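Colleague: Those protein sequence lines, which keep their order, are chains A and B. Anchor point for the first sequence: position 55 equals 55 in my numbering, and the numbering is continuous, going up by one each time. Anchor point for the second sequence: position 74 equals 74 in my numbering, and the numbering is continuous, going up by one each time.
Bear in mind the hints are in silico, worked out from the structure with no lab data behind them. Treat the numbers as computed from the prediction; the structure is a model and nothing was measured. Treat the hints loosely; a few may be bogus.
Heads up, simulated DMTMM-like pairs for lysine to aspartate or glutamate below, C-alpha to C-alpha not over 25 Å straight-line [stated by the list, open to error]: (1) K40/B - D84/A; (2) K41/B - E63/A; (3) K41/B - D85/B; (4) K52/A - E63/A; (5) K41/B - E8/A.
From the derived model, a few chain B residues whose C-beta atoms are all more than 12 Å from chain A [claimed, not checked]: (6) K19; (7) I56; (8) L83; (9) S102.
If you only want the chain A side, here are some residues facing chain B, beta carbon under 10 Å, derived [stated by the list, open to error]: (10) L13; (11) A17; (12) F34; (13) Q45; (14) A53; (15) Y100; (16) F104; (17) G105; (18) K106; (19) G107.
Cβ atoms here follow ideal geometry from the backbone N, Cα and C, with glycine treated the same way.
Chain by chain, the residues:
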Amino acid sequence: GNSVTQMEGPVTLSEEAFLTINCTYTATGYPSLFWYVQYPGEGLQLLLKATKADDKGSNKGFEATYRKETTSFHLEKGSVQVSDSAVYFCALADSGGSNYKLTFGKGTLLTVNP
Amino acid sequence: DTAVSQTPKYLVTQMGNDKSIKCEQNLGHDTMYWYKQDSKKFLKIMFSYNNKELIINETVPNRFSPKSPDKAHLNLHINSLELGDSAVYFCASSLQGVGPGSAFFGQGTRLTVV
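Only chain A is shown next, with the shape it has when bound in the complex:
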């Protein structure tokens, strides 16, 4: 079955540091890939997505590139802010007709200190 593996946290950075959160996946076919963010006490919000190989998703300074050859979708940001402190989830959805669910990684807690 499908699975998503992302680096375990917690990750603690200083403001303006470079961020990478690794994510790799196992899936049949060509899934769509996503990063979701969960701020403290809130629900999940879609951060960015990519639906085919070599696509780059980007939003709010975050980027991730769909790498089929390495089955990866690593999240990066060049300069993090305190407001980026949250839990980040990598996820995939099957392509095709049976795409009624997201499979999530275990989440990575990011704390950014001033």
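With the hints as your guide, set chain B onto chain A.
Modeller: Chain B only, in chain A's frame:
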């Protein structure tokens, strides 16, 4: 206006009780979901409904019974609550054509069974 709203936000109850969580979306979506987030933040799909029809039941115990009276609502009823049911439950919705990756999530219901 809140896109996906769940009630209640917090629920504390004793073992053996029966409780319900309600979910409503005003986005005109045709697909709704219930996800469970455990104490380690791991998110797992429980149910998916498309046009009021159950599409996914991810090996959830029979004590959990979702009900979709119309496309805008998906309620979750839980019988004979157990300690292990303590978790945060998230409702979400999406358009089938767009896929689950662009789902909008509610704020979550924190269920504590004592």
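Colleague: Compare the structure with each hint and give your call.
Modeller: Results of checking the hints against the structure:
no., hint, result
1, K40/B - D84/A, "holds, 20 Å"
2, K41/B - E63/A, "holds, 23 Å"
3, K41/B - D85/B, "holds, 14 Å"
4, K52/A - E63/A, "holds, 15 Å"
5, K41/B - E8/A, "holds, 12 Å"
6, K19, "holds, 20 Å"
7, I56, "violated, 5 Å"
8, L83, "holds, 22 Å"
9, S102, "violated, 6 Å"
10, L13, "violated, 19 Å"
11, A17, "violated, 23 Å"
12, F34, "holds, 5 Å"
13, Q45, "holds, 7 Å"
14, A53, "violated, 16 Å"
15, Y100, "holds, 4 Å"
16, F104, "holds, 4 Å"
17, G105, "holds, 9 Å"
18, K106, "holds, 5 Å"
19, G107, "holds, 4 Å"
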